[in-house]
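Residue numbers (our numbering), protein chains in the order written: chain A, 19 to 279; chain B, 338 to 658.
Any given hint might turn out to be false.
What the hints assert, rightly or not - From the derived model, a few chain B residues whose C-beta atoms are all more than 12 angstroms from chain A: (1) 381; (2) 398; (3) 474; (4) 511.
As the list claims (entries may be wrong) - Listed below are the simulated BS3-like cross-link pairs for lysine-lysine, each with C-alpha atoms no more than 30 angstroms apart in a straight line: (5) 277(A) <-> 350(B); (6) 530(B) <-> 165(A); (7) 42(A) <-> 616(B); (8) 377(B) <-> 126(A); (9) 650(B) <-> 165(A); (10) 419(B) <-> 277(A).
Quick caveat, the hints were computed from the structure, so don't treat them as lab data. The beta-carbon is built from N, C-alpha and C at its ideal position, and this holds for glycine as well.
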Amino acid sequence: MNSLVAIAYVPDTETKIRIAADGKSIDESDVKWIVSPYDEFALEEAIRTKEAKGAGTVTVVTIGPERAKTGLRECLARGADEAVWVDSGDVRYLDALATAKGLAAVAKGRSDDFLWFGQKGVGYDESLVGPMVAELLGLPHVGNVVKLELGDGRVTAHREIEGAHEIVECPLPAVLTAQKGLNEPRYASLKGIMGAKKKPISEKKLAELGVPEADPANAKTRWRKLDLPPARQACRMIPADDPAAAAKELVRLLREEAKVI
Amino acid sequence: MKFLVFIEQRGGKTRKASLEALSLARTLSGGPAAAVIAGKGVSALAKDLGPYGAGTVYVADRDELELYSNKGYVGALDAAAKEEKPDAVLIAATAMGKDIAPRFAARHDVSVLADVMELRLEGDRLVGSRPVYSGKARAEVDCGAAALQIATTRPNVFPAESRPGAEPRVVTLELGEISPRARVVRIEASETKELDVAEADVIVSGGRGIKGPENWPVIRDLQEALGAALGASRAVVDAGWIDHQHQVGQTGKVVSPSLYVACGISGAIQHLAGMGTSKVIVALNKDPEAPIFKVATYGIVGDLFQVVPEVAKAVRAAKAE
């Protein structure tokens with residue numbers, strides 16, 4: 019069972035966000051980069067599938083600048099076998115369709131049973147790329163997977179929806195997107211970290227993958243402006259010396275001032 | 338400017354978030370919009386869409402569409418788009434909407450303004466605003482060079498406005514064979530059949546301050562008094578005090594209810610990312626320095642085991658008036 023796991027290398031969720039001088043991107047100095055947390059669930063599931071079947075390879079792929087290779091190394095240290103780095107060159111912003119086209123071009127020349135994605139990349143938070151790749155390759159997909167049962171040439175995936183799970187049967191090959199709850203990702207062992215240095219990272223150039231949207235003039239979605247959200251009004255503190263009186267005052271404010279109950 | 342809105346239904350019940358998207362389409366276009374609904378036995382739902390802004394409703398009513406499949410439902414949306422030839426498509430950013438929108442977009446060689454919280458028109462171009470980087474920034478986005486513009490709208494943010502008016506024109510879609518490869522075989526409702534935080538208008542959440550899972554009844558009491566959904570911080574989910582489906586935050590659900598009551602939640606950045614766009618936030622916490630007070634509208638510093646039951650009591654008294 020071969021898996022291709024697409025990862026995004028994104029700013030740590032603890033990062034203080036500052037707006038860059040262009041007014042439409044973030045200032046990347048002092049940003050700590052991490053593998054997007056949902057991609058870790060995807061990678062872990064791919065490794066577990068390989069372990070369960072006792073055969074296959076797990077390949078991680080990302081599109082990004084040079085620093086994204088560090089993310090690939092982390093994945094190799096955790097147990098992926100090989101990696102593909104798609105060098106985005108000078109391109110600083112890729113919309114979801116451009117990313118999906120680049121990844122679909124990589125996947126096309128391979129024969130993976132599973133194409134794994136996180137259900138969203140933290141930062142952009144769009145939840146678009148996985149299903150787009152499925153559509154571009156004509157594959158079925160199951161999104162938001164929280165549990166996976168392996169069958170013969172097919173899987174049963176539990177997909178999280180509002181207040182319920184949809185149990186989906188899906189033939190392979192398929193695109194799956196991982197939701198929290200799917201598994202507990204392992205940490206890289208020291209042996210894994212040492213071993214990762216010897217594992218291969220093959221390189222491709224985005225410019226050679228035939229993605230017209232990588233040119234900003236052709237982008238199908240754009241960020242026109244990035245700013246900080248307006249500050250919320252200062253919190254109105256209600257004295258709590260007498261909890262009953264404080265509760266009454268709170269409920270009065272919620273009814274009469276905020277009008278939400 | 339022609340809009341087509343995908344209307345989600347499950348079990349014959351139209352999703353409110355879809356009515357919000359439909360009302361938004363009417364507001365933006367300044368007139369009725371087209372809608373599409375898919376499922377089994379859904380023809381009867383079509384006329385109910387008129388008051389929310391549908392001038393035309395495309396109906397895909399087939400036995401094979403009883404349970405969701407992205408192939409079947411994207412196919413229905415696609416068939417409606419071929420008839421209507423819209424300039425823009427709106428879809429509520431629910432689990433189903435997020436599953437449909439990217440496939441439909443890729444099929445049309447475009448992308449999606451995902452999970453927008455504001456949407457306006459500049460001429461005939463959509464301009465959206467959406468939170469990015471855990472809500473620490475917001476991006477103003479548009480569809481660049483795209484011929485077809487698609488946006489998914491965050492639930493609970495836009496009003497669903499019902500107005501009297503003419504009944505919509507109903508068009509039955511002719512669909513070919515529907516044989517999805519990825520097929521829903523059954524739906525397992527969560528054991529408690531609780532209101533999901535992602536679609537609740539009021540949420541009461543508990544964090545580490547509740548001290549242990551045995552104390553959920555204190556929070557549940559207020560939740561019930563408010564008719565709210567139960568939320569939780571990552572800390573208590575990771576500690577195993579409650580299931581992940583309740584988690585609000587960066588790696589949980591992103592919510593925008595009218596009222597969010599945070600009980601014993603300090604307000605880690607990941608949590609604020611998930612609820613910072615709530616309209617009104619109440620923070621109940623014993624630590625006056627807790628970051629949650631920086632985003633709260635109203636705050637009470639105190640012992641939640643004393644304060645929360647009193648708030649529940651006061652809510653019940655107020656509702657009984």
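Here is what the structure says about each hint:
1. 381: holds, 23 angstroms
2. 398: The assertion about residue 398(B) holds, with a minimum of 21 angstroms to chain A.
3. 474: Answer for residue 474(B): violated, closest chain A Cβ roughly 5 angstroms.
4. 511: holds, 22 angstroms
5. 277(A) <-> 350(B): holds, 28 angstroms
6. 530(B) <-> 165(A): holds, 19 angstroms
7. 42(A) <-> 616(B): holds, 26 angstroms
8. 377(B) <-> 126(A): Between residue 377(B) and residue 126(A) the Cα gap is close to 36 angstroms, so the pair fails against 30 angstroms, i.e. violated.
9. 650(B) <-> 165(A): violated, 40 angstroms
10. 419(B) <-> 277(A): violated, 44 angstroms
Violation of the numbered hints given earlier is confined to hints 3, 8, 9, 10; the remaining hints are satisfied by the structure.
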